[in-house]
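With these hints in hand, go ahead and build the complete structure from the sequences.
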Amino acid sequence: MALTALLNGAPNTWRHPQGQAYGNMDLQQMIHNAQIAERGKFHSTFLADFSGVKDDGVGLRGMRKSGSCVGFEPATLLAAIAMATSDIGLVATISTTYSEPFSVARLIGSLDHISGGRGGWNLITSGSRAEAQNFGHGEQLSSAERYARAREHVEIVTRLWDSWDDDAFPRDRQSGMFFDPDKGRNIDFHGTHFSVRGPLNMPRPPQGQPVICQAGTSDAGYEMAAQWADLMYVKAPTIEIGKAFYADVKARARKYGRAPQELAVLPGLSVVLGGSEEEARANFSEIVASLEAEEGLGYLSQWLDGYDLTGLPLDAPVPDIPEINIPAERNRIFLVRNGQRLTLREAMQYVATMVGHLTMFGTPDQIATQMIRWVEEEACDGFNLMPHILPGAVEDFVDHIVPELQKRGAYHQDYEGHTLRENLGLAHRPSQYQVAALQAS
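Counting from 1, position 182 in the sequence shown corresponds to residue 266 in this note's numbering; the numbering is continuous, with no gaps.
All the given hints hold, so there is nothing to weed out.
With a straight-line Cα cutoff of 20 Å, these simulated EDC-like cross-link-like pairs (lysine to aspartate or glutamate) come out:
id: 1; residue 1: K319; residue 2: E460
id: 2; residue 1: K138; residue 2: E378
id: 3; residue 1: K319; residue 2: D332
id: 4; residue 1: K125; residue 2: E500
id: 5; residue 1: K267; residue 2: D251
No lab work stands behind these hints: they were computed from the structure.
In structure tokens, the structure reads:
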């Protein structure tokens, strides 16, 4: 079972007595959170990102109580965390929509070198009007255009990581040869969206190719993950949805000649512990108690593509919402439980605290049993822990659930290697250029 941990806190929990009062802007606390996850032998940390203040449909006033509206740039923060950890992976989210491939290859390559082979890139496309307007666009790019850019972007990034052979830098003081020019190359990529000469101005990353993650929820996102990703973060609030996602993306991966174990599927998971399931649910009620209607409806409105929910009764079901795009329509599917739509009150609590993902309630034994069932029934390969409250929820998971999983043989006792690829059971990836040369010889 693979485990990763999201280090971004839920939007409203900065007000909780055990929450992070500075939201996501406390460096020492973020380092401490990563160290807790490393103590629990988590394979990787993970930082989500948004290029702007996420106020689509609600404005700054509607976001004024959100602790997640600001945060560090992920690769910068993870480089600092790398200095205070030794084994845990470090995955930074960077959008292909509003970044240049050369810059991303350099950022993630630097993170991999700084951390000794623990870097990773969570590849996303940005579908927000607020982000678009920060990069010179009046409206967001279409989904088709975003994914067309993404396909070129990731191909360029992986080529740049391979633009030097592993042994291209002898640094021979006697001969004066710092690098061997015969072991480097321009990539000379010329596409519809990008033209990049190369090579990258750093040696090949320690992992060869840093781990690539993907978190898209559209058909194009699934296809992107199937072709390129080592890890896929998914929204699967029920085991039935999890099984469907799992079977779908594994089948897609086979089309690209990939073995099922080359792509790990990790649904987001929030855990609420208690002496019983009833006590855990009561504990969760305390977490959502501070969520006010205006704040909660703002989060839900964003999740539903900016649809205005002002004035609607909180205890009525989520309404029919016309003319919304596919990602928002997909999100609406997650607002149904046992065949019935959640009320607006239930839905806003769900989105604000669980971010549309799976939540498990109960004792450590009950939680471990559920997690193991998901893996055994091929609904996932592990989980991306999304704590409601940091650092307490991560500490509770590490102190109480990790030992239970280890006792049952479902989770490793220690790190298996030194790099993130090694710890995930993934081989060091050979250079595509060297492979092509061998095949041609």
